[in-house]
Amino acid sequence: MASVVKEQKIRTSRVGKKPIPIPAGVSVTIEGQAVALKGAKGAAELRVHPWVVVQQEGGEIKVAPRLVTNDGKHRAMTGTMRALLNNMMIGVTQGFERKLQLVGVGYKAQAQGKVLNLTLGFSHPIEFKVPEGITIETPTQTEIRIRGVDKQQVGEVAAQIRAYRPPEPYKGKGVRYSDETIILKEAKKK
Numbered sequence: 005m006a007s008v009v010k011e012q013k014i015r016t017s018r019v020g021k022k023p024i025p026i027p028a029g030v031s032v033t034i035e036g037q038a039v040a041l042k043g044a045k046g047a048a049e050l051r052v053h054p055w056v057v058v059q060q061e062g063g064e065i066k067v068a069p070r071l072v073t074n075d076g077k078h079r080a081m082t083g084t085m086r087a088l089l090n091n092m093m094i095g096v097t098q099g100f101e102r103k104l105q106l107v108g109v110g111y112k113a114q115a116q117g118k119v120l121n122l123t124l125g126f127s128h129p130i131e132f133k134v135p136e137g138i139t140i141e142t143p144t145q146t147e148i149r150i151r152g153v154d155k156q157q158v159g160e161v162a163a164q165i166r167a168y169r170p171p172e173p174y175k176g177k178g179v180r181y182s183d184e185t186i187i188l189k190e191a192k193k194k
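The sequence shown runs 5 to 194 under our numbering.
Simulated from the structure, these hints should not be mistaken for lab results. Ideal placement from N, C-alpha and C gives every residue a C-beta, glycine not left out. Hints are not guaranteed to be accurate.
What the hints assert, rightly or not - Using 20 Å as the maximum straight-line C-alpha spacing, the simulated EDC-like pairs for lysine to aspartate or glutamate come out as follows: (1) K177 / E147; (2) K103 / E190; (3) K22 / E61; (4) K118 / E101; (5) K177 / E190; (6) K155 / E190; (7) K175 / E190; (8) K118 / E160; (9) K118 / E136; (10) K175 / E147.
Said to hold, decoys possible - Derived CB-CB ranges, DEER-like: (11) G125 / G62: 54 to 62 Å; (12) T33 / G117: 27 to 35 Å; (13) S127 / I34: 20 to 28 Å; (14) F126 / G62: 54 to 62 Å.
All chains should be modelled from the sequences, with the hints used to inform the complete structure.
Encoded structure:
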């Protein structure tokens, strides 16, 4: 009795297969594993993982695994690198933004150059030094807008500012994201 050997189908990442369109006004430079993008909002660079090959074909960037295996690691890394490159493309064309709100009596923020002054109910004011590549605006005293080209850096700065006074669960006072929903706890009853 002869054994039947089934051929395995090599799977690829659905995210990794999608090409990244290059909008007008964006210049792409690929040198080995280094990819550099330059657009209207700024410039960004990424060192691509050695398991991944990046090519520019026409008006698109295509990402593919260097080795086609079925273990999943190369496939997953392809999807990750494609997502990072796509975020870079969005960053240099549109940019990223996070909004924070200050909720509480006397809580206020004021941007002065490369320093964000925060009054959050402590005995001292907080001076947050704005990192390079990030711009912070305060349209009102209780609103903070963080903008930048790098999605990860914008989110990190927003998280650092929020960490000074996270929203407390009873009254909801503190620094929160503008789209964040705080579930309040009920106060203790006698």
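Cross-check of the supplied hints:
1. K177 / E147: Measuring from Cα to Cα gives roughly 14 Å; hence the hint holds.
2. K103 / E190: violated (28 Å)
3. K22 / E61: It holds: about 13 Å lies between the C-alpha atoms, which stays within 20 Å.
4. K118 / E101: Status holds; Cα separation ~17 Å.
5. K177 / E190: It holds: about 15 Å lies between the C-alpha atoms, which stays within 20 Å.
6. K155 / E190: violated (36 Å)
7. K175 / E190: holds (9 Å)
8. K118 / E160: holds (17 Å)
9. K118 / E136: holds (9 Å)
10. K175 / E147: The given pair, whose Cα atoms are some 19 Å apart, holds under the 20 Å limit.
11. G125 / G62: 54 to 62 Å: At 56 Å between Cβs, range holds.
12. T33 / G117: 27 to 35 Å: holds (32 Å)
13. S127 / I34: 20 to 28 Å: violated (53 Å)
14. F126 / G62: 54 to 62 Å: Since F126 and G62 have Cβ atoms about 56 Å apart, the given range 54 to 62 Å holds.
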